[in-house]
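Q: Protein chains in written order, with this note's numbering: chain A, 1 to 243; chain B, 1 to 243.
Think of the hints as simulated: they come from the structure by calculation, not from any bench.
Computed from a prediction, not measured in an experiment: that's the story for all the values here.
There could be a bad hint or two in this list.
Stated by the list, open to error - Simulated pairs of lysine to aspartate or glutamate, DMTMM-like, Cα-Cα distance not exceeding 25 Å:
no. : chain 1 : residue 1 : chain 2 : residue 2
1   : B       : 144       : B       : 24
2   : B       : 144       : A       : 192
3   : B       : 80        : A       : 35
4   : A       : 203       : B       : 24
5   : A       : 144       : B       : 24
6   : B       : 75        : B       : 162
7   : B       : 80        : A       : 187
8   : A       : 31        : B       : 14
9   : A       : 203       : B       : 14
10  : A       : 16        : A       : 50
11  : B       : 203       : A       : 187
12  : B       : 218       : A       : 14
13  : B       : 183       : A       : 14
14  : A       : 80        : B       : 51
15  : B       : 144       : A       : 187
16  : A       : 183       : A       : 226
17  : A       : 144       : B       : 51
Protein chains: 2
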Amino acid sequence: MITKAQVKHIRSLDDKNYRRQFNEFVVEGEKMLSEVLRSGFEILMIYAVDEWVEKYKSELKNKPYQLIPYFELEKISQFKTPNQVLAVVKIPVAAIPSSLSGLTLILDDIRDPGNLGTIIRIADWFGIQNVICSIGSVDVYGSKVIQATMGSVFRVGVFYTDLKSYILSQSGTQVIGTSLMGKDIREFQYTEPAFLLIGNESKGLSQELEALCSDTVKIPQLGQAESLNAAVATGIICHALLC
Amino acid sequence: MITKAQVKHIRSLDDKNYRRQFNEFVVEGEKMLSEVLRSGFEILMIYAVDEWVEKYKSELKNKPYQLIPYFELEKISQFKTPNQVLAVVKIPVAAIPSSLSGLTLILDDIRDPGNLGTIIRIADWFGIQNVICSIGSVDVYGSKVIQATMGSVFRVGVFYTDLKSYILSQSGTQVIGTSLMGKDIREFQYTEPAFLLIGNESKGLSQELEALCSDTVKIPQLGQAESLNAAVATGIICHALLC
Chain A
1 MITKAQVKHI RSLDDKNYRR QFNEFVVEGE KMLSEVLRSG FEILMIYAVD
51 EWVEKYKSEL KNKPYQLIPY FELEKISQFK TPNQVLAVVK IPVAAIPSSL
101 SGLTLILDDI RDPGNLGTII RIADWFGIQN VICSIGSVDV YGSKVIQATM
151 GSVFRVGVFY TDLKSYILSQ SGTQVIGTSL MGKDIREFQY TEPAFLLIGN
201 ESKGLSQELE ALCSDTVKIP QLGQAESLNA AVATGIICHA LLC
Chain B
1 MITKAQVKHI RSLDDKNYRR QFNEFVVEGE KMLSEVLRSG FEILMIYAVD
51 EWVEKYKSEL KNKPYQLIPY FELEKISQFK TPNQVLAVVK IPVAAIPSSL
101 SGLTLILDDI RDPGNLGTII RIADWFGIQN VICSIGSVDV YGSKVIQATM
151 GSVFRVGVFY TDLKSYILSQ SGTQVIGTSL MGKDIREFQY TEPAFLLIGN
201 ESKGLSQELE ALCSDTVKIP QLGQAESLNA AVATGIICHA LLC
């Protein structure tokens, strides 16, 4: 039996400020649970129906879990049709690694949860280890972002900081922005370590950050759309630079 | 003054079946209205506040419009915070062009509105003229899809048909699918005319369609994510094939 206080606490984790106060977030569904169980993230409590516990018994060893009926899962789930399992997981407290190798993504006010999750998944696909977000970016531990990462959030480091002062502190790192006046990405070679800056969905890069770019690149445009979705542009540039 | 019947009709256009019964859909916001005014789409009625009409007077010429106060716009808008304008637009009735040149996108049950809209925007960016969707794909004239296209829906032809019989009817067209066992897209050359098949977000391509592919391609994977978002994968492949 799950208590009213537990229900209230878990539902309140929908809210960013509440989440950050307790440093906890919610992970839901079979695929995501498999990912978090394999990760180094600290699981505080798993709430699961019988069927799920039977299936994953061998992986549960020292993990705290509570068997609940389906109607109780419905009370705590953020899904319309809940899956079999939900976990409350600790938000890791970590500083940006002091020395970053390879390519790091820098996100300037990405606001759409789906875009942030998709970009983290792109990072994971291309072996990019860190994503650094402006303070104004959407919170990575919201359920829509977590789901859109498809588990990549457990493998890619995601940090929030003041981007201008952070970039200024990293002298010797190539800073690559995107611009319609930039170099064609097919002919551009980057030098490690490098930052790839991705701008806000509607405003693009802020002038402040644009001024910090050592290079700008562009994706060839053959048709009439004025721009590409931020995550799609990130994917194309990462592929062009890294592959 | 807008009538109760008008409010009811416009709100009902949220529903796919109602939309298809009347062959009408809703377009909202300044940017989207600019796009539809420049397109060949038939505008049935524009509902706008004073400020918008003043700004766009010269472009309104023969277009039907009705001046409404903001509180009436709120009643018909699908946005939480409506913009200044909403239009009811005729869904164009058109058959798939009988001879397709270049690359055509074929979507096998894309279900997420954001993904469909983003893929249409990618098509428009790369000069792809047609997108052909399975009957089970999300409807392009829903508001989330329309918004995600950022206006590209007015320039790219979008059609729904039974994909298997359609592809079988187009002999001589190269059919390219994606597969983890496919050829590296960096080394793949396509031959016009060609179809690029994009699978469902969770299930990928159906076996039925996979069997029709003359070639399969893959995006190099350097990290650990199992897959990329469908729209991101489409963007990377289109860039690799067309640029």
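Q: None of the hints should be skipped; say for each whether it holds.
A: Hint by hint, here is what the structure shows:
Restraint check: the Cα-Cα separation between residue 144 of chain B and residue 24 of chain B comes to about 15 Å, which is no more than 25 Å; the hinted pair holds. For the proposed pair residue 144 of chain B and residue 192 of chain A, the alpha carbon gap of about 39 Å is over 25 Å, so the pair is violated. Proposed proximity of residue 80 of chain B and residue 35 of chain A is contradicted: the alpha carbons are some 35 Å apart, above 25 Å. For the proposed pair residue 203 of chain A and residue 24 of chain B, the alpha carbon gap of about 31 Å is over 25 Å, so the pair is violated.
Between residue 144 of chain A and residue 24 of chain B the alpha-carbon distance is near 31 Å, which puts this suggested pair outside the 25 Å criterion. With a C-alpha separation of about 38 Å, the suggested pairing of residue 75 of chain B with residue 162 of chain B is violated against the 25 Å cut-off. Annotation: proposed proximity of residue 80 of chain B to residue 187 of chain A is violated, straight-line Cα distance about 44 Å (limit 25 Å). A C-alpha spacing of about 32 Å is found between residue 31 of chain A and residue 14 of chain B, which places the hinted pair above 25 Å, so the restraint is violated.
For the proposed pair residue 203 of chain A and residue 14 of chain B, the alpha carbon gap of about 29 Å is over 25 Å, so the pair is violated. Distance hint between residue 16 of chain A and residue 50 of chain A is unfulfilled; the C-alpha atoms sit about 31 Å from each other, more than 25 Å. About 35 Å separates the Cα atoms of residue 203 of chain B and residue 187 of chain A, which puts this hinted pair outside 25 Å; it is violated. The straight-line distance between the Cα atoms of residue 218 of chain B and residue 14 of chain A is roughly 37 Å, outside the 25 Å bound, and the hint therefore fails.
Using a Cα cut-off of 25 Å, the hinted pair residue 183 of chain B and residue 14 of chain A is violated, with the two alpha carbons roughly 43 Å apart. Straight-line distance between C-alpha atoms of residue 80 of chain A and residue 51 of chain B comes to about 40 Å, which puts the hinted pair past the 25 Å bound. With a C-alpha separation of about 36 Å, the suggested pair residue 144 of chain B and residue 187 of chain A falls outside the 25 Å cut-off, and the hint is violated. Pair hint residue 183 of chain A plus residue 226 of chain A holds up; C-alpha atoms about 17 Å apart against a cutoff of 25 Å.
For the proposed pair residue 144 of chain A and residue 51 of chain B, the alpha carbon gap of about 36 Å is over 25 Å, so the pair is violated.
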